[in-house]
Amino acid sequence: MIWNPNKECMSRDERSALQGKRLHKIVEYVYHNVPFYRNKLQEMDIRPDDIQTIEDITKLPFTTKKDLRDNYPFGLQAAPQSEIIRVHASSGTTGNPTIVGYTRKDIGVWSECMARCLTAYGVTRDDIFSVAYGYGLFTGGLGAHYGVEHLGASVIPAGTGNTEKHLKLIRDLGITGLACTPSYALYLAETMDKLGIRKEDIKLRVGAFGAEPWTENMRKEIEERLGLKGYNIYGLSEVMGPSVSYECQMQHGSHICEDHFYPEIINPTTLEPLPAGQTGELVFTTLTKEGMPVLRYRTRDLCSLMPGTCDCGRTEVRMGRIEGRSDDMLIIRGINVFPSQVESVVLSMPEFAPRYMLVVDRVNNLDTLQVQVEIRQEYFTGVFDTPAAVDQLEKKLATKLKSVLSIAAKVQLKAPNTIERSQGKSAHVIDRRKL
Amino acid sequence: MTVHQLSIFIENRSGTLIKVLEALKAANIQIIASTIADTAEYGIYRLICSEPMRACEELKKANVAVALSDVFALAIDDKPGRAADAVKTFSEAGISIAYMYSFLLRGKGILIFRTDDNEKAVKVIADNQLQSINEADLSELA
Amino acid sequence: MDTNSNRQEHLTPRPTREGQGGGSAFFNPEFETLSRTEIEALQLERLKETVAHCYTNDFYRKKFDEAGITPDDIKTLADVRKLPFTTKQDLRETYPFGMACVPIRDCVRLHSSSGTTGNPTVILHTKKDLDEWANQVARNLWMVGLRPDDVFQNSSGYGMFTGGLGFQYGAEKLGMLTVPAAAGNSLRQIKFIKDFGTTAIHAIPSYVTRLYEVMQQEGVDPRRDTKLKVLAIGAEPHSEEQRKRIEEMMGVKAYNSFGMSEMCGPGVGFECPEQNGMHFWEDYYIVEIVNPETLEPVPDGEIGELVLTTLCREAMPLLRYRTRDLTRVLGRTCPCGRNHVRIDRMRGRSDDMIVLRGVNIFPIQIEKILMKFPEVGTNYLITLITEDNNDQMIVEVEVNEATDDFAKLQALEKEIRHQLGDEILLKPIVKLVAKGSLPVSEGKAVRVVDKRKVFE
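Here the protein sequences come in this chain order: Z, V and S.
Residue numbers for the first sequence follow my numbering, so the first one is 1 and each next one is one higher.
Residue numbers for the second sequence follow my numbering, so the first one is 1 and each next one is one higher.
Residue numbers for the third sequence follow my numbering, so the first one is 1 and each next one is one higher.
No lab work stands behind these hints: they were computed from the structure.
Note that the structure is a prediction, hence the values are computed from the model and not measured.
Possibly wrong hints are sitting among the right ones.
Unchecked claim - Derived lysine to aspartate or glutamate pairs resembling EDC-like cross-links, with alpha carbons at most 16 Å apart: (1) Lys88/S / Asp351/S; (2) Lys61/V / Glu378/Z; (3) Lys120/V / Asp77/V; (4) Lys88/S / Asp352/S; (5) Lys414/S / Asp391/Z; (6) Lys408/S / Asp38/V; (7) Lys414/S / Glu41/V; (8) Lys48/S / Glu314/S; (9) Lys168/Z / Glu423/S; (10) Lys410/Z / Glu11/V; (11) Lys400/Z / Glu423/S; (12) Lys427/S / Glu413/S; (13) Lys410/Z / Glu41/V; (14) Lys427/S / Glu367/S; (15) Lys191/S / Glu218/S; (16) Lys194/S / Glu218/S; (17) Lys108/V / Asp70/V; (18) Lys25/Z / Asp56/Z; (19) Lys368/S / Glu164/Z; (20) Lys60/V / Glu378/Z; (21) Lys395/Z / Glu41/V; (22) Lys59/Z / Glu264/Z; (23) Lys431/S / Glu415/S; (24) Lys408/S / Glu41/V; (25) Lys82/S / Asp65/S; (26) Lys127/S / Asp126/Z; (27) Lys410/Z / Glu378/Z; (28) Lys168/Z / Glu396/S; (29) Lys427/S / Glu396/S; (30) Lys396/Z / Glu218/S; (31) Lys372/S / Glu164/Z.
Take these sequences, add in the hints, and give me the full structure.
This is the structure we're talking about:
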C-alpha cells in the first residue's frame with residue numbers, strides 16, 4: 001500500500017522539477033526571514049534567484065550543529081513566534097540543547113510523512129499501534145503518535161518504562177503495531193519470557209524500530225521472538241523527527257520523503273558531494289519546512305544512497321544502514337549523547353577533577369550509561385566521613401547530568417588519578433555494547 | 001577533646017584497600033582502630049592511627065582521597081552495660097550519634113563516635129564526668 | 001489509497017492569528033455564554049443522544065434492562081436520575097473494550113490507568129473525541145487570558161498520563177507555542193522558562209513549589225527573570241492557602257484545573273479569572289453531587305460525591321460516573337459571563353485512593369508489589385510527607401531476616417523502589433525496617449499516614 005502515490009511514485013524528472021521549485025522557494029524564505037542565512041548567503045554572494053534547479057543546491061552553504069548552538073534558542077527560526085505551536089529539543093554538544101520549532105503546517109507534513117511510513121509497513125486504520133518511544137521534548141514519541149492518529153489507527157501512548165503493564169496491554173488489547181528502539185523490542189521479548197508470555201499469545205505484526213543503530217541479526221532476533229516484521233525508521237529533530245526515511249516491504253534501504261527532505265552524501269573531510277552508492281556523510285535540506293528550515297544540514301551520519309525505482313513502486317531514493325558517525329556522538333537508549341556535554345557539567349563542579357569517562361554498556365538489552373569522575377583531593381574534606389555525604393555529592397552530579405543529557409547516568413566516583421588519560425576520539429568513552 | 005579520624009574513600013575493587021595500607025606501612029604509621037562503612041559501590045574506611053596529620057599528608061601524596069574529621073573517643077570500663085550507659089547520656093541530652101565503633105585498649109573500652117552537635121557533646125562529657133581521651137593519650141596507650 | 005492522495009500538505013485547518021475566539025474573551029462564545037435555560041435545553045438534547053448511543057452497547061443495555069428503563073424514559077433533564085451509576089469497577093470488569101460504543105477501528109487513541117495489579121481501566125477516543133477534548137482545554141486556557149502569542153510549557157508526564165497529551169493538544173489548538181517539557185528535571189524546566197520566554201506553565205501545585213525552590217537555589221527570580229503570567233495547577237488536592245502561596249512565590253495568578261482520564265483528561269473544569277470555583281462545561285457534562293452513602297442528590301453548597309455524565313463522547317460515553325471526589329456546587333452564574341456550574345476545589349475522596357504529585361495510587365497496588373518479595377514481611381506503612389516543599393511517599397516494610405550484608409539490603413531496597421516505581425509511576429522512598437518495628441494492625445490496618453502540609 002502507498003499512502004500518497006502522487007508524491008511517493010512520481011518520476012525522477014517530475015520530482016527534480018518539484019524539488020528545484022521548492023528549493024528556490026525555501027532559499028528565498030530563509031533569505032528574508034533568517035538573518036543567519038541571509039548573512040551567509042550574502043557573504044558567498046548568492047542571491048535566491050541564483051537557485052533555480054535542485055542541482056544548484058551545491059552552491060549553498062552547509063549548516064552544522066554548531067550553527068544551531070550559536071543561534072540558541074530561536075535564532076534559526078524562520079516563522080514568527082505566534083505561528084510556532086510546538087518545540088522539540090535534542091542534544092546539543094554542550095550545555096544548551098538544540099531547539100526546533102514547528103508550525104501547524106510542519107506538524108501536518110510530519111504526520112503525513114509518518115502516515116506514508118506506516119502505510120509502507122502495511123499498517124491500516126484497523127491496527128492498534130503502541131508508541132513506546134519517549135514522549136515530550138524527544139521527537140520519537142509525539143512524532144510517531146501524531147502519525148498513527150493521522151493514519152486513523154488507534155494509538156496507545158505507552159511511552160517508555162513500565163514494561164510489564166505494556167506487555168499486559170499488548171496481549172489484552174490485541175495490539176498489532178509497536179514503535180520503539182530495537183533494543184527495547186528485545187527487552188520486551190526478554191520480559192515476555194520472564195512472564196511466560198509466548199509470541200502466540202500476542203498479535204503484534206508490525207514494528208517501527210529506530211532512533212539507534214541496529215543490525216540485520218538484531219532484526220532477525222526481534223522478528224523471531226516477537227513474531228512480527230520489523231522495519232527501520234530514521235529521522236532527526238533538526239530535519240523533522242522520525243519518518244524522514246523508512247523501509248518498505250522490500251526491506252532494502254529506507255525511502256526518503258524526498259519531496260520534503262533533499263538528501264546528499266558528501267565527503268566529511270573535503271565536503272565534496274560523492275557519487276551515488278559511495279558511503280559518506282548524509283546531508284539534508286528541508287524543502288517545505290516553515291518553523292526552522294535548514295539548508296544542507298550535516299547529520300554526521302555515515303551511509304550511502306541508492307537511487308532507482310524500488311520493487312515496491314516507490315521512486316524515492318533509499319538510504320542504506322547508518323554505518324557510523326563522523327563525530328563522537330553516542331546513541332544511548334535512543335538519545336543522542338555527546339561526551340562534550342558531560343565535560344561541560346564536570347567542569348562546572350569544582351568538587352571533581354577535569355577528567356571523566358563515559359562507560360556505555362547493554363545489560364539485558366537496555367543501554368546503561370555510567371559516568372566516572374575523580375574526586376578532587378582538595379574538596380574531599382571531613383564531611384565525607386559517611387556514605388550519605390558521598391551519596392549526596394553523587395546525586396548532585398547525577399541531577400546536573402540528567403538536566404543536560406535528558407537521560408539518567410549512573411555516577412561512579414573514583415579516587416584521584418585513577419581514570420586513565422588517553423588520546424584521540426575515544427579518549428572519554430568506553431563502549432562495551434556489541435553490535 | 002576530640003581526636004582525628006581519617007576518612008578514606010575506597011572504591012569497591014581489588015587492590016584499593018591494600019594501596020592505603022601499604023602507604024601507611026611505608027610511612028611507619030600504626031593503626032589503632034578502623035572500620036569500613038560499605039555500600040554497593042564504594043566504602044568509607046575510617047581509621048584512628050598514630051600521627052594522623054602526617055598519615056593524612058602521606059596518603060594524599062599517594063593519591064588517596066582522604067579527609068580528617070573530628071570524632072570523640074571515650075574510655076569506659078570493660079564491663080557489660082557501660083557502653084549503653086554512655087550512649088544513654090548523650091541520647092538524653094538530645095544528641096544523635098551518626099556512627100560509632102569500639103575497641104579494647106589496655107583493659108579499657110574505647111568508644112569512637114561522631115555526633116550531630118559537637119559543642120553540646122563536649123558539655124555533656126564535662127557535666128557527666130565522662131572520661132574522654134585525646135590523641136596524646138591514645139598514642140601513649142597504644 | 002487514492003482518496004488520500006490529495007491531502008498531503010495542508011492537513012490541519014489553520015486558525016486565524018487570533019485563534020478561534022478572535023478578539024473575544026471567549027474561545028467558544030456560542031457555548032460559553034449560554035443562559036441556564038439554554039444550557040439545560042442543550043443538555044437534555046445531548047443526554048437523549050448519549051443514552052440512545054449507550055443503549056447500543058451490551059453492558060449498558062443489560063444495566064438498563066436491570067433498572068427497567070429504556071432510552072424513551074428520558075424525557076426531562078431530571079430523568080438523568082433514573083439512569084444507573086457507572087463505577088471504576090464497571091470499567092475494570094468490562095476491560096478492555098466492553099464499554100466501547102463504536103467499533104475499535106473508529107478509535108484513534110487509548111489511555112490506560114497505571115498499574116498491573118488487577119485490570120487497568122481503558123479509555124478510548126475517536127478523532128472527534130480528541131478534538132472535543134482539545135477544545136475544552138483550549139477554552140480553559142483562553143478563559144484565563146492565553147493567546148496564540150503565548151509560550152506554554154507543560155510539565156505533566158506524557159504518554160498514558162492524560163495531563164501531558166491533553167494540554168499539548170489543547171494548547172496547540174489554541175495556537176500557542178507549546179513546549180512538551182514533561183515531568184521533572186527542574187534545572188532544565190527553569191532554563192527553558194528563561195530561554196523560551198515561557199508565559200504559562202501547567203504543573204501540579206507541589207511541583208510549582210519545587211520549581212520555585214530550585215529557582216531560588218539558582219538565583220532566578222520569577223518576577224524579574226521570567227515572562228510568566230499564568231499558572232495552570234491541578235491533578236492534586238491543594239488548599240486556597242497553598243494557591244495563594246504559589247501566586248505569591250511566582251508573582252502570577254494560578255488557576256485550578258480539574259480533569260480525570262475517565263472523562264477524557266484535563267479540561268473538564270477550570271477556574272475563570274474570578275477564581276471562585278471551577279466552571280464545569282455543562283455542554284459537555286451533566287454534573288451531579290450526591291451523598292456517597294445514599295446516592296441521593298445533595299443541595300447546592302453541600303459537600304458530596306461528584307458524579308459526571310458525558311454528553312459528547314463517541315467512543316466511550318459514561319453515564320453517571322462516580323468520580324469518588326468530594327466537592328460541592330458553589331453557584332451557577334458568574335460575573336465572567338459564563339453560566340456553567342461552579343464547582344469547589346476537591347475536598348477529599350470517598351475511597352482510599354491517594355493522590356500524590358498528580359498520580360493516583362491505591363494502597364493495594366503497593367501491597368501487591370511488596371508481597372512479591374519473600375525477603376519482606378506482610379506489615380507495611382505508607383507515609384506521605386512534605387519535605388523541602390516536595391511531596392514524598394515513604395514506604396516502610398519489615399525485613400524478615402537480619403543480615404549484615406549492607407550491599408544486599410541496598411540492592412533489595414533499590415529493587416523494591418524500582419518495581420513500585422513501575423507500578424505507581426513515581427518512585428517512593430523505601431525504608432527497610434527491623435521486624436516488629438511497625439505498629440501491628442488490629443482489624444482494618446492503618447496503612448496510610450498523610451502528614452502532608454497540603455490539606456486544609
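Results of checking the hints against the structure:
no., hint, verdict
1, Lys88/S / Asp351/S, "11 Å, holds"
2, Lys61/V / Glu378/Z, "12 Å, holds"
3, Lys120/V / Asp77/V, "23 Å, violated"
4, Lys88/S / Asp352/S, "13 Å, holds"
5, Lys414/S / Asp391/Z, "14 Å, holds"
6, Lys408/S / Asp38/V, "11 Å, holds"
7, Lys414/S / Glu41/V, "13 Å, holds"
8, Lys48/S / Glu314/S, "14 Å, holds"
9, Lys168/Z / Glu423/S, "13 Å, holds"
10, Lys410/Z / Glu11/V, "15 Å, holds"
11, Lys400/Z / Glu423/S, "27 Å, violated"
12, Lys427/S / Glu413/S, "12 Å, holds"
13, Lys410/Z / Glu41/V, "11 Å, holds"
14, Lys427/S / Glu367/S, "15 Å, holds"
15, Lys191/S / Glu218/S, "10 Å, holds"
16, Lys194/S / Glu218/S, "12 Å, holds"
17, Lys108/V / Asp70/V, "21 Å, violated"
18, Lys25/Z / Asp56/Z, "13 Å, holds"
19, Lys368/S / Glu164/Z, "14 Å, holds"
20, Lys60/V / Glu378/Z, "10 Å, holds"
21, Lys395/Z / Glu41/V, "14 Å, holds"
22, Lys59/Z / Glu264/Z, "13 Å, holds"
23, Lys431/S / Glu415/S, "12 Å, holds"
24, Lys408/S / Glu41/V, "12 Å, holds"
25, Lys82/S / Asp65/S, "12 Å, holds"
26, Lys127/S / Asp126/Z, "14 Å, holds"
27, Lys410/Z / Glu378/Z, "24 Å, violated"
28, Lys168/Z / Glu396/S, "28 Å, violated"
29, Lys427/S / Glu396/S, "13 Å, holds"
30, Lys396/Z / Glu218/S, "13 Å, holds"
31, Lys372/S / Glu164/Z, "14 Å, holds"
Checked against the numbered hints given earlier, the structure breaks hints 3, 11, 17, 27 and 28 and satisfies all the rest.
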